[in-house]
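Assemble the complex: chain A is given as a structure, and chain B must be docked to it using the hints.
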Amino acid sequence: MKIGYFPGCSLHATAREFDESLRAIAPTLDLDLTEIEDWACCGATSAHATNHLLSIALPARTLALAEAQQHQQVLAPCAACYNRLATAHHQVAKDAALAQKVNKVLERPFNNTVAVRSIAQILHELIPTIKSKVKTPLKDLKVACYYGCLLVRPPHLDNSDDAEQPHSLEEIVTATGATSVNWHKRLDCCGGGFSISRTDSVIRLSRAIIDDAAAAGADAIVVGCPMCQSNLDLRQRAMKRADSPIPILYITQLVGLALALSPKNLGLNRHFINTKAVSDRKFSNDTDVAKSAAGGQS
Amino acid sequence: MTADTSTSSETSKQQARAHASIKAQLKSATGINPAQCYQCGKCTAGCLMAAEMPLKIHQILRAIQLDQIDKLLTDESIWLCLGCETCSTRCPNEVEPARIIDALREIAAQENPKELPRYINAFHQAFLKQIMRHGRIFEFGLIAAYKLKTGRLFDDVSQVPAMLTRGKLALSPRSIDGIKDIRRIFKACEDASVASDNKSDKGSGAP
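Sequence order for the protein chains is A and B. Take the first sequence: its position 105, counting from 1, is numbered 632 in this note's numbering, and each next residue is one higher. Take the second sequence: its position 92, counting from 1, is numbered 93 in this note's numbering, and each next residue is one higher.
One chain only, chain A, in its complex shape (with noise of 0.2 angstroms):
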C-alpha cells in the first residue's frame, strides 16, 4: 500500500519511537510511506484555539502538498495530526465559502482529493497481513487498548470506526496474539494539550485512565497519540503510580513485537517506564514455540 506519510512535529522529537516503531514495521506490512516533502505543523490545539482559518489553512498546505506528490491518501499517525488534517478535508469540502477562503490564503492548486487516514484505520485495514506475519504471537499479554479523545472523533469525519464504541484497536491487538481486557476511559482525554500549561489537569485525568487500565488487569496500554503517550508515560511519578508502574506502547510497537522485531529497533528503550516487562516476556525470545504457534494460528 502507497501512502504519504505524515510525521508531525512530535514524530520528529519526543515521539520518535512512534516513528521508528511504524518505520520498522512497514516494509513487512508491505506498507509504502513517503513522507510527504517541506510538511508543516497541522497547528495543533493553538490554531484551532485562536484562528479557525489559520487551522484549516496549515493543514490544508499540507494536504495541497501531498496532492501536488501524487498522494491519493495521507497517514498521519498522531491522533491530534489526524484530527486537524481530516477536520480540514471534511470542512473544505462540505464548505464553498471556506474553501474560497483558504484557496486564497494557501495560493496554490488544493482541489482536497487526498483521503486522510489515521494509524488505527491503517492498521486495521492490515489486520490479514499482519496475522499472516505474527512470529511471536502476544499470549498471555492483556493490553488496554486507550483512543483517548481523537482518533476516532468526531463522528463526521470519514472514520471507519464507531466514535463511541470503537473496535479497531482491540482487533488490530487481537491480531498480534494478545488479548485486550475490558475497562471504561479508552475514550477519556488525557488532558492533551495541557500538558505544559495546566500538568495538575493532566495528573489528574491522566491517573484516572492508568488506575482503570490496573484495575481491568493490563500488562500494558496501547495508545495511538504521542500527547497520550507522553502524558501517561512521563507523569507516572508525579501520579503516584510509581510503585506499580504500566508500561504506555505505541500500537505500531505492540505490532513490531509480535512481528519478532528487536525492542531497540521498536524505539523501547525510549520510554519512562520501563517497557521490559512486556518485550522481554517469555513469548519474545522462544522462537520454536512462537513459530509453531504462529503456525498454528494461522
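These aren't lab readings, by the way, just hints derived from the structure by calculation. Don't take every hint at face value.
[Unchecked claim] For each label pair, taking beta carbons as the anchor points, the in silico distance ranges come out as:
#1 167(B) to 557(A): 25 to 33 angstroms
#2 727(A) to 42(B): 20 to 28 angstroms
#3 767(A) to 52(B): 18 to 26 angstroms
#4 36(B) to 683(A): 14 to 22 angstroms
#5 162(B) to 792(A): 18 to 26 angstroms
#6 36(B) to 804(A): 32 to 40 angstroms
#7 807(A) to 40(B): 48 to 56 angstroms
#8 184(B) to 562(A): 19 to 27 angstroms
#9 595(A) to 111(B): 29 to 37 angstroms
#10 184(B) to 742(A): 46 to 54 angstroms
#11 36(B) to 554(A): 24 to 32 angstroms
#12 118(B) to 685(A): 42 to 50 angstroms
#13 162(B) to 804(A): 50 to 58 angstroms
#14 557(A) to 118(B): 22 to 30 angstroms
[Unchecked claim] When the alpha-carbon atoms are kept at most 25 angstroms apart in a straight line, the in silico BS3-like pairs for lysine-lysine are as follows:
#15 188(B) to 130(B)
#16 181(B) to 631(A)
#17 115(B) to 188(B)
#18 115(B) to 628(A)
#19 791(A) to 809(A)
#20 621(A) to 181(B)
#21 631(A) to 188(B)
Given the structure is predicted, the values throughout are model-derived calculations rather than measurements. All residues carry an ideal CB built from backbone N, CA and C; glycine is no exception.
Only chain B this time, still in chain A's reference frame:
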C-alpha cells in the same frame, strides 16, 4: 481624570459589545445555530473538565442564547476546554459545542486579550510563534519560550536530562523550505480574521 476616561471607554466598549450579538457572531462564524441547544446537559455530563470550569458547557450555551457576552468572555471556562470533542460527538441536536467554544476563544482573544488566562495564552502564543519561525514545532524552544513568558522556570526541569538521554529533544531548530509560505499564511489568516470580525460587527444587532 484618568479614571473617568477609562470608565467611559469601558462603557462604550460594553455598549459596542451589547450591540454585537454574540449569538449572531457565532452563527455566522461557525454555521451552527446556538439556539438549537435545548439544555439537555449531555455535553456537561461527559465533560472531563467540567469539575474545573466555573461555567459548564451547557451554561456557556445558555449564556450565548441570552447574549451574555461579558459573562462568556471574562472567566476562564472557555479556555479550559480540551477540545476532546466528546460534547460534539454526543450532542443530540448537532450544536457542536467544541466548535462554538473555539469560535468564542477567537472572539475573546480579539475583544478581550488582557483577560485571557495567562498560562494558557502564553502557551498558545509560544506554540504559534514556533510554527511562524520554523514551520514546525521545535519542542525545546517551545518549552524555553513558555517558561520565560510565565516565569515557571523550574516546573518539569527535572525531566529534561531524561528527555535528552532518550533522544527525545532536538537541541537546535530546523526551518522548512517553505517558511515564507507559512509566514504569509499566518498574515493572511490574521487579516481575514480581523476583516470577518469587523463585518460581523456591522451586520450584527439582529440575531
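Outcome of the hint check:
1. A hinted range of 25 to 33 angstroms holds for the C-beta pair residue 167(B) and residue 557(A), which are about 30 angstroms apart.
2. Separation of residue 727(A) from residue 42(B) is about 26 angstroms and conforms to the stated range, judged on CB atoms against 20 to 28 angstroms.
3. In this structure, residue 767(A) and residue 52(B) meet the distance hint of 18 to 26 angstroms, their C-beta atoms being roughly 19 angstroms apart.
4. As the Cβ distance of residue 36(B) to residue 683(A) is approximately 21 angstroms, the hint placing it in 14 to 22 angstroms holds.
5. Take residue 162(B) and residue 792(A): their Cβ atoms lie about 25 angstroms apart, and the range 18 to 26 angstroms holds.
6. Between residue 36(B) and residue 804(A) the C-beta distance comes to about 54 angstroms, which lies outside the given range of 32 to 40 angstroms.
7. Hint check: residue 807(A) to residue 40(B), Cβ distance near 54 angstroms, so the stated range 48 to 56 angstroms holds.
8. Residue 184(B) and residue 562(A) have their C-beta atoms about 23 angstroms apart, which keeps the hinted 19 to 27 angstroms range intact.
9. For the hinted restraint 29 to 37 angstroms between residue 595(A) and residue 111(B), the CB-CB distance of approximately 34 angstroms keeps it satisfied.
10. Taking the beta carbon of each, residue 184(B) and residue 742(A) are about 49 angstroms apart, inside 46 to 54 angstroms as hinted.
11. At roughly 54 angstroms, the beta carbons of residue 36(B) and residue 554(A) sit outside the given window of 24 to 32 angstroms.
12. Here the CB-CB span from residue 118(B) to residue 685(A) is close to 35 angstroms, at odds with the stated 42 to 50 angstroms.
13. Residue 162(B) and residue 804(A) have their C-beta atoms about 24 angstroms apart, which leaves the hinted 50 to 58 angstroms range violated.
14. Distance hint check: the CB atoms of residue 557(A) and residue 118(B) are about 48 angstroms apart, inconsistent with the given range 22 to 30 angstroms.
15. The straight-line distance between the Cα atoms of residue 188(B) and residue 130(B) is roughly 12 angstroms, inside the 25 angstroms bound, and the hint therefore holds.
16. At roughly 16 angstroms between alpha-carbon atoms, residue 181(B) and residue 631(A) fall within 25 angstroms of each other, so this suggested pair holds.
17. Straight-line distance between C-alpha atoms of residue 115(B) and residue 188(B) comes to about 22 angstroms, which keeps the hinted pair within the 25 angstroms bound.
18. Restraint check for residue 115(B) and residue 628(A): the C-alpha separation of about 29 angstroms exceeds 25 angstroms, so the hint is violated.
19. As the CA atoms of residue 791(A) and residue 809(A) are separated by approximately 17 angstroms, the hinted pair is consistent with the 25 angstroms bound.
20. Taken as a hint, the residue 621(A) and residue 181(B) pair is broken in the structure, with Cα atoms around 29 angstroms apart against an allowance of 25 angstroms.
21. Taking the CA atoms of residue 631(A) and residue 188(B), the gap is about 12 angstroms. The hint holds against a cut of 25 angstroms.
Violated hints, listed in ascending order, are 6, 11, 12, 13, 14, 18, 20; each of the other numbered hints is respected by the structure.
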